[in-house]
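Q: What follows is the residue order along each chain.
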Amino acid sequence: MTATLSADQPSSAALAPPLLRFEAMGLAYPTPQGPYPVLEGVNLEVQAGEFICVIGHSGCGKSTLLNTVSGFAKPSSGRVLFNGAPIQRPGPDRMVVFQGYALLPWLTAYDNVYLGIDAVKPELPERQKREIVMEHLELVGLTAAAEKTITQISGGMKQRVAIARALAIRPEVLILDEPFGALDAITKEELQEELLKIWNTQKCTVLMITHDIDEALFLADRLVMMTNGPAAGIGEVLTIDFPRPRSREDIMEDPRYYELRNQALDFLYNRFAHDDDA
Amino acid sequence: MTPVPSSKINPANWWKQNRKAILPPIFGIGGFLLFWQLSSSLGLTKLEGPLSLWTDERTRELLLYPFFDNGGLDKGLFLHTMSSLSRVAIGYSLAAVIGIGIGIAVGLNKGLNRAFDPLFQFLRMVAPLAWVPIALVMFQQNQPAAIFVIFITSIWPILINTAEGVRQIPQDYRNVALVLQMSNRRFFTKILIPSTLPYIFTGLRISIGLAWLAIIAAEIVMPGTPGIGYFIWDANQNGYVSEIVLGVIWIGAIGLILDRLMAWLQTRIASGR
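Chains A and B, in that order, are what the protein sequence lines are.
Just so we're aligned: 249 in my numbering is position 249 of the first sequence, and the numbers increase by one with no gaps anywhere.
Just so we're aligned: 25 in my numbering is position 25 of the second sequence, and the numbers increase by one with no gaps anywhere.
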């Protein structure tokens, strides 16, 4: 069992150049008292098709780290390479699912997804655009709600629309900033499973911020744990090699699950406890 | 807004649903008229009471026959009002088009905003009447001067609200445009305009009131042409107090209707978004 599993792990991918590469990346915000370092000395390589979760206490710069990939923030030292070239600006090849969904409330679910595909691939024939939109709404189970406006649908449905909009343009990297944080437990689990299913079929690379260790252990190939700011960096990277496709039950029965969970808990609450939390 | 079954309207039910909207204004306005009549009967004020509109023959004629037309300036009040409204429509439309245009430019460009905001804040404080001599010198003709007074009075709320609306476009929407690498045109039509629309309509609604308010000032410069503003000005010159009161009531009523019309449009736009 373990043998077959390690065979299709990134052994072949290790030879290929990484899709994303952080090289001694640091980022500081200018303030009147001089530059304030948010991130410092970040080194990481991400292979194409990997599912990476990033965890850390609030304010440690997780979002900033992902913003350097999406292009909304620029490193002040070091580099972030995407396909070998430094990232200059935001682009649809690194699509973001924003924390507040960022859907246009005056449009329907359908039109929100359509707006994305129409902006990125205007040259496609109308019919094909329509098919792509419907296909992705179906993927997230929203076919019936396609014609509802965003104000008429629930938080979970909004997140589904946001994911459909992101996936419809076929990004190489999908960036999710705490996508399920505001959802109830049941919706959250449903969406986690859907995200995994979609990731399995589309094979894009996922970078996802989370606060939830169990979520990370269920979804990710690797869990990047960040130290506390200022000047935060990557403290430790856990490799989560449960076989895929994963089921919650199987993972929970695996003794390694608790080992990994304790490691993450120990990192977050003992070694890098949030001292100014109170 | 109240859901009414479209097929048959039961009068009893209709009254039950709407009496809270109908009765208080009747009492409010009735009370006000009573107070006015009493205070003039008791000699608290020299202004004649509302009943004088009926007892005075001049105003009774005007009240009863708003549509008569004996040529020249000898017309019913409805016809005076219509020519005023057409004047307001031109000035207000100009204010809307130019105000929205400049508002968007100023809202998008911080430098432009810093350059012109003090000027806008200064100009919007100038009273309509003060614009009259300036407008006359600028245009040398009555009709364009009148339209300019309406335009310059009503442009500011449109301009300032539009600019504010553009500045208030959520960063999230701008980020979506950035990550999708939207063209400027697409950003403009798909994000900027729909997102700013409620602000624009707030400005338009405030401005329709101001445009109508400016009608007296605007028509002072237009002797010899029909118009409700000039009608009042003329009555004032001749000392017909009841006519002035009647003219003011017409202006107020039309203003109320215009405001309600814009409010209705506003809710239509807001719910259609």
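Among these hints, one or two may not hold up.
[As the list claims (entries may be wrong)] Some chain A residues flagged as far from chain B (calculated, every beta-carbon gap over 12 Å): (1) 94; (2) 98; (3) 103; (4) 118; (5) 212.
[Stated by the list, open to error] With a straight-line cut-off of 20 Å between C-alpha atoms, the simulated SDA-like cross-links for lysine to any residue are: (6) A:121 / B:195; (7) A:74 / B:184; (8) A:121 / B:178; (9) A:129 / B:18; (10) A:121 / B:270; (11) A:74 / B:189; (12) A:121 / B:61; (13) A:148 / B:184; (14) A:121 / B:53; (15) A:74 / B:187; (16) A:129 / B:171; (17) A:121 / B:171; (18) A:148 / B:188; (19) A:74 / B:171; (20) A:148 / B:178; (21) A:148 / B:195; (22) A:121 / B:127; (23) A:121 / B:187.
Rather than coming from a laboratory, the hints here were simulated on the basis of the structure.
We put the CB at the ideal spot given by N, CA and C, even for glycine.
Q: Evaluate each hint against the coordinates.
A: Hints versus structure:
1. 94: violated, 8 Å
2. 98: violated, 6 Å
3. 103: violated, 8 Å
4. 118: violated, 8 Å
5. 212: holds, 23 Å
6. A:121 / B:195: Violated - the C-alpha atoms of residue 195 (chain B) and residue 121 (chain A) are around 24 Å apart, more than 20 Å.
7. A:74 / B:184: violated, 23 Å
8. A:121 / B:178: holds, 15 Å
9. A:129 / B:18: violated, 49 Å
10. A:121 / B:270: The hint is violated at about 30 Å.
11. A:74 / B:189: Violated, at roughly 29 Å.
12. A:121 / B:61: Since the Cα atoms of residue 121 (chain A) and residue 61 (chain B) sit roughly 69 Å apart, the hinted pair is violated (cutoff 20 Å).
13. A:148 / B:184: Given that 20 Å is the threshold and the Cα spacing comes to 27 Å, the pair is violated.
14. A:121 / B:53: violated, 69 Å
15. A:74 / B:187: Violated. Residue 74 (chain A) to residue 187 (chain B) sits at ~23 Å, over the 20 Å cutoff.
16. A:129 / B:171: Cα-Cα ~27 Å, so violated.
17. A:121 / B:171: violated, 23 Å
18. A:148 / B:188: Violated, at roughly 23 Å.
19. A:74 / B:171: holds, 18 Å
20. A:148 / B:178: Outside the cut-off at roughly 25 Å; violated.
21. A:148 / B:195: holds, 18 Å
22. A:121 / B:127: violated, 52 Å
23. A:121 / B:187: Cα-Cα ~15 Å, so holds.
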